[in-house]
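Please construct the entire structure, taking both the sequences and the accompanying hints into account.
Chain by chain, the residues:
Protein chains: 2
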Amino acid sequence: MKKFLNDVEHMLTESLTGFATAHSDLVEVQFDPTFVTRKQKAQNKVAIISGGGSGHEPLHAGYVGAGMLDAACPGQVFTSPTPDQMLAAAEAVHAGQGVLFIVKNYAGDVMNFEMAAEMLPFEHATVYTSDDCAVINSTYTTGRRGVAGTVIVEKCVGSLAETGADLAACKTLGEKINQRTSSIGVALTSCTVPAAGRPTFEITDTELEMGVGIHGEPGRRRETMREADAIVADMVAAIVHDFKAKQLPAQGEILLLVNGLGATPLMELYLIYNTAARLLQEKGFSVARSLVGNYVTAIDMAGASITACLLDNDIRRHWDSPVHTPALRWDM
Amino acid sequence: MKKFLNDVEHMLTESLTGFATAHSDLVEVQFDPTFVTRKQKAQNKVAIISGGGSGHEPLHAGYVGAGMLDAACPGQVFTSPTPDQMLAAAEAVHAGQGVLFIVKNYAGDVMNFEMAAEMLPFEHATVYTSDDCAVINSTYTTGRRGVAGTVIVEKCVGSLAETGADLAACKTLGEKINQRTSSIGVALTSCTVPAAGRPTFEITDTELEMGVGIHGEPGRRRETMREADAIVADMVAAIVHDFKAKQLPAQGEILLLVNGLGATPLMELYLIYNTAARLLQEKGFSVARSLVGNYVTAIDMAGASITACLLDNDIRRHWDSPVHTPALRWDM
Numbered sequence: 001m002k003k004f005l006n007d008v009e010h011m012l013t014e015s016l017t018g019f020a021t022a023h024s025d026l027v028e029v030q031f032d033p034t035f036v037t038r039k040q041k042a043q044n045k046v047a048i049i050s051g052g053g054s055g056h057e058p059l060h061a062g063y064v065g066a067g068m069l070d071a072a073c074p075g076q077v078f079t080s081p082t083p084d085q086m087l088a089a090a091e092a093v094h095a096g097q098g099v100l101f102i103v104k105n106y107a108g109d110v111m112n113f114e115m116a117a118e119m120l121p122f123e124h125a126t127v128y129t130s131d132d133c134a135v136i137n138s139t140y141t142t143g144r145r146g147v148a149g150t151v152i153v154e155k156c157v158g159s160l161a162e163t164g165a166d167l168a169a170c171k172t173l174g175e176k177i178n179q180r181t182s183s184i185g186v187a188l189t190s191c192t193v194p195a196a197g198r199p200t201f202e203i204t205d206t207e208l209e210m211g212v213g214i215h216g217e218p219g220r221r222r223e224t225m226r227e228a229d230a231i232v233a234d235m236v237a238a239i240v241h242d243f244k245a246k247q248l249p250a251q252g253e254i255l256l257l258v259n260g261l262g263a264t265p266l267m268e269l270y271l272i273y274n275t276a277a278r279l280l281q282e283k284g285f286s287v288a289r290s291l292v293g294n295y296v297t298a299i300d301m302a303g304a305s306i307t308a309c310l311l312d313n314d315i316r317r318h319w320d321s322p323v324h325t326p327a328l329r330w331d332m
Numbered sequence: 001m002k003k004f005l006n007d008v009e010h011m012l013t014e015s016l017t018g019f020a021t022a023h024s025d026l027v028e029v030q031f032d033p034t035f036v037t038r039k040q041k042a043q044n045k046v047a048i049i050s051g052g053g054s055g056h057e058p059l060h061a062g063y064v065g066a067g068m069l070d071a072a073c074p075g076q077v078f079t080s081p082t083p084d085q086m087l088a089a090a091e092a093v094h095a096g097q098g099v100l101f102i103v104k105n106y107a108g109d110v111m112n113f114e115m116a117a118e119m120l121p122f123e124h125a126t127v128y129t130s131d132d133c134a135v136i137n138s139t140y141t142t143g144r145r146g147v148a149g150t151v152i153v154e155k156c157v158g159s160l161a162e163t164g165a166d167l168a169a170c171k172t173l174g175e176k177i178n179q180r181t182s183s184i185g186v187a188l189t190s191c192t193v194p195a196a197g198r199p200t201f202e203i204t205d206t207e208l209e210m211g212v213g214i215h216g217e218p219g220r221r222r223e224t225m226r227e228a229d230a231i232v233a234d235m236v237a238a239i240v241h242d243f244k245a246k247q248l249p250a251q252g253e254i255l256l257l258v259n260g261l262g263a264t265p266l267m268e269l270y271l272i273y274n275t276a277a278r279l280l281q282e283k284g285f286s287v288a289r290s291l292v293g294n295y296v297t298a299i300d301m302a303g304a305s306i307t308a309c310l311l312d313n314d315i316r317r318h319w320d321s322p323v324h325t326p327a328l329r330w331d332m
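Respectively, the protein sequence lines represent chains A and B. When we follow our numbering, the leftmost residue of the first sequence carries the number 1, and every step to the right adds one. When we follow our numbering, the leftmost residue of the second sequence carries the number 1, and every step to the right adds one.
One should not assume that every hint holds.
To be verified - Straight-line distance between alpha carbons at most 25 Å, and here's what the computed BS3-like set of lysine-lysine pairs gives: (1) Lys3/B to Lys3/A; (2) Lys176/B to Lys246/B; (3) Lys176/A to Lys244/A; (4) Lys39/B to Lys2/A; (5) Lys2/A to Lys39/A; (6) Lys3/A to Lys2/B; (7) Lys246/B to Lys171/B; (8) Lys176/B to Lys3/B; (9) Lys41/A to Lys171/A; (10) Lys171/A to Lys246/A; (11) Lys3/B to Lys2/A; (12) Lys244/B to Lys283/B.
To be verified - Which residues of chain B face chain A? A partial, calculated answer using Cβ under 8 Å: (13) Asp205; (14) Met267; (15) Asn274; (16) Thr297.
Treat the hints as calculated values from the structure; they're not laboratory data. Beta carbons: idealized from backbone N, C-alpha and C, even for Gly.
This is the structure in structure tokens:
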């Protein structure tokens, strides 16, 4: 294993310190317990807080800022944050209108956010994301995994919260987006957890893992490596099948997110996007919004995921609204 | 070699088509000859055009847009674009005030941009970037290589051009920034050129290549892998030494760019940034602006580069000005 690190024990602290320094105009980090907040705390709105294991950067700390999260609680690599982190973050950013947790559906995250919620002295609610259509139940999951679609939930719910919407409305929007979003990932290589020092799984030069999780969890099956168009066709088919299973409309405008898992060149991500957009159009969906890049990673995995979110006026408006975070930034 | 591709021959076309579709609000692509322009062409300003081999994404096409480039000419992977591309791009974006080429100093790029310049029916000038302080002369280079500092030149010269500044002023600013900018890269793994199908160089699990080029060219020396702080200390020392060799002030405000070469997790880049910022502060430089991420890549290389640009009021103002491109986007 070759990584840029000093002591595995201090990797998260050193990296978060660098992150907070590089983006000191936007965010602040606190340690013991560890959480990231906006530099300019918001007033009189629902506080939106997310978190989870590190190793998925820029998720979640990269999405703290105006129009998106109020705080993020990073755990160690692929390890849930602990309830004291969520409690301290909530204490720091609560602005009189309650707290909404956005939590990817993994057993450790669910348990720790639930424990935090029980102790929380504020009105609160939780949105669980479960957009990964690859498998039902997985290594760390009862039910479907939350993956790259989480970014769409965080962006749009963050936008709604800025308008002064109440806790119930924020939760409703988050659950609607999760329901209208499907993702599937594919790995060409494993990731390597720094503390483990070796690849999470073995895979040969002629194989791919279809439906891989963002922690290197097994997907649907080990397949033979083949040309990109054939891989993308299977991924798009899985998403379209999932839309059908969810009884979503068989046509409409979508947001298409092609997400790199850490070690995949942008040139390849755009090639994947090109095929995915064409196939989705052929199936009746119109790609109205796009995002291509590394947004929810699996450390250093070579691989990519495709996410489609079926838009409506509401979701589109909140996706388009201004956002000003380290990792997503645009104006109207 | 496992990559997301269909036919190597069509990889660039498919990827650029995806890029142009994903960012159809900002850019347009033309083929035969191949170039990328802004969707909304600028009026009455110097046209800023860059280009070079592909494989360094988001450079250069990702920087086409308001406040930065007017056009980019992508060659095949690690291969210079041809003069007909630059001529067609210039024809498409020339707005009556002349054309400035921004060219990374590699023999093929220099030759092809020079040939295009000779044939250009417009007033023109060229800025060559050569920020890489690792080596003098290299595999594809007479003189120093142009690497990640090119992004700073493109951003700031693009900003100046938007103000209506003339060709000579744009060239002067570009050359000033290049003079005040030093970079050095390090590789933990090789890149793999798709058409070659195998790693460009061999490197073991206990080695790193200090001073590597963005095409996998040899650096200063093969070294033993060690902790991040020791690697970063050597990189920072090389930059500070280069500042001295260029007779730049030994203190002042800098822009610090920590750039991933393709396969390095953001978590590690922020860790590198943390150490580099601390060491540069200790040496008398104040980190006033920061950029951390994959901005000038070497396909799928695990590695990173550090770039420092000594700011002045002029450079800082043009760095801060609004930019609206696929890969860099901010408002004042």
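TODO: Below or equal to 25 Å on CA atoms is what counts here, so check Lys39/B against Lys2/A.
DONE: Not OK: Lys39/B and Lys2/A at ~42 Å, beyond 25 Å, violated.
TODO: With chain A as the partner, please determine if Thr297/B meets the hint condition of a C-beta pair closer than 8 Å.
DONE: 7 Å, holds
Open item on the list: Between the alpha carbons of Lys3/A and Lys2/B, is the straight-line distance 25 Å or under?
Closed with: 21 Å, holds
Task: Hinted contact Asp205/B with chain A - closest CB pair below 8 Å - done: This interface hint holds because 6 Å falls under the 8 Å limit.
Task: Restraint status (C-alpha distance of Lys176/B to Lys246/B at most 25 Å) - done: Holds, at about 12 Å.
Task: Pair hint Lys246/B and Lys171/B, alpha-carbon separation not exceeding 25 Å - done: Distance ~19 Å between Lys246/B and Lys171/B Cα, so the pair holds.
Open item on the list: Does the closest beta carbon of chain A sit nearer than 8 Å to the beta carbon of Asn274/B?
Closed with: 3 Å, holds
Open item on the list: Holds or violated: Lys41/A and Lys171/A, Cα atoms, limit 25 Å.
Closed with: Judged against 25 Å, a Cα distance of about 21 Å means the pair holds.
- [ ] Verify the proposed pairing of Lys176/A with Lys244/A, using a straight-line Cα cut of 25 Å.
- [x] 16 Å, holds
TODO: With a cut-off of 25 Å on the C-alpha distance, tell me whether Lys171/A and Lys246/A pass.
DONE: 19 Å, holds
Open item on the list: Lys3/B and Lys3/A were given as a pair; does the straight-line alpha-carbon distance stay at or below 25 Å?
Closed with: 22 Å, holds
Open item on the list: Just to be careful, I want the Cα atoms of Lys176/B and Lys3/B compared with a cutoff of 25 Å; is the pair within it?
Closed with: 39 Å, violated
Hints 4, 5 and 8 from the earlier list are contradicted by this structure; the remaining hints agree with it.
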